[in-house]
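Student: Sequence:
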Amino acid sequence: MTAQISHRGHCRCGSVIMQAHAEPNFSVYCHCDDCRRSSGAPVTASVAFPKDAIVWETAATLARYRNGTATRLFCLKCGSPVAHEHDSATDRTFFNTGFMDDPSAFPPTAHTFAIQQLDWLQLADDLPRYDKTILIHTQTGQ
Numbered sequence: 005m006t007a008q009i010s011h012r013g014h015c016r017c018g019s020v021i022m023q024a025h026a027e028p029n030f031s032v033y034c035h036c037d038d039c040r041r042s043s044g045a046p047v048t049a050s051v052a053f054p055k056d057a058i059v060w061e062t063a064a065t066l067a068r069y070r071n072g073t074a075t076r077l078f079c080l081k082c083g084s085p086v087a088h089e090h091d092s093a094t095d096r097t098f099f100n101t102g103f104m105d106d107p108s109a110f111p112p113t114a115h116t117f118a119i120q121q122l123d124w125l126q127l128a129d130d131l132p133r134y135d136k137t138i139l140i141h142t143q144t145g146q
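For the sequence shown, our numbering assigns the number 146 to the last residue and increments by one with no breaks.
In case anyone wonders, no lab produced these hints; they're calculated from the structure. Computed from a predicted structure; not experimentally measured. A couple of the hints might just be wrong.
[Claimed, not checked] Label pairs and their in silico Cβ distance ranges:
| # | residue 1 | residue 2 | range |
| --- | --- | --- | --- |
| 1 | LEU127 | LEU80 | 17 to 27 Å |
| 2 | SER10 | PRO111 | 13 to 23 Å |
| 3 | ALA128 | ALA67 | 29 to 39 Å |
| 4 | GLN8 | GLY72 | 15 to 25 Å |
Built from N, CA and C at the ideal position, the CB exists for glycine as well.
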């Protein structure tokens with residue numbers, strides 16, 4: 005008997021709760037301007053799960069805001085950023101790592117939009133850095 009894979013996340017007030025019944029596609033730091041503005045932080049970390057593996061346990065206060073090619077998901081009650089969806093990856097949802105119940109389980113494996121990294125932000129790691137989205141590289145196998 006194999007144990008079912010399950011990763012849970014919830015917003016600050018608990019009004020938005022999700023379960024992902026799959027291993028993540030990948031986990032990254034994103035330095036793009038849109039991620040910075042939506043999170044209020046100099047960089048965001050996110051973990052991508054296949055959309056067909058996501059079950060929303062509670063989502064009555066889940067709201068969406070579309071900006072260009074990205075849609076941001078957040079809780080209307082407490083304002084917590086939850087996730088984002090992107091036109092370039094319609095098969096997955098990118099959850100803010102801080103939304104996950106066990107954020108330490110999803111260490112980033114790369115930096116995306118590294119060309120937009122703030123000059124004063126120093127992250128000492130040897131992770132690959134991409135000038136744009138990692139999706140270009142994962143879809144082409146590079």
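Student: Hint by hint, say whether it matches the structure.
Tutor: Hints, one by one, checked against the model:
no., hint, result
1, LEU127 / LEU80: 17 to 27 Å, "violated, 32 Å"
2, SER10 / PRO111: 13 to 23 Å, "holds, 19 Å"
3, ALA128 / ALA67: 29 to 39 Å, "holds, 36 Å"
4, GLN8 / GLY72: 15 to 25 Å, "violated, 36 Å"
The structure shown violates the earlier hints numbered 1, 4.
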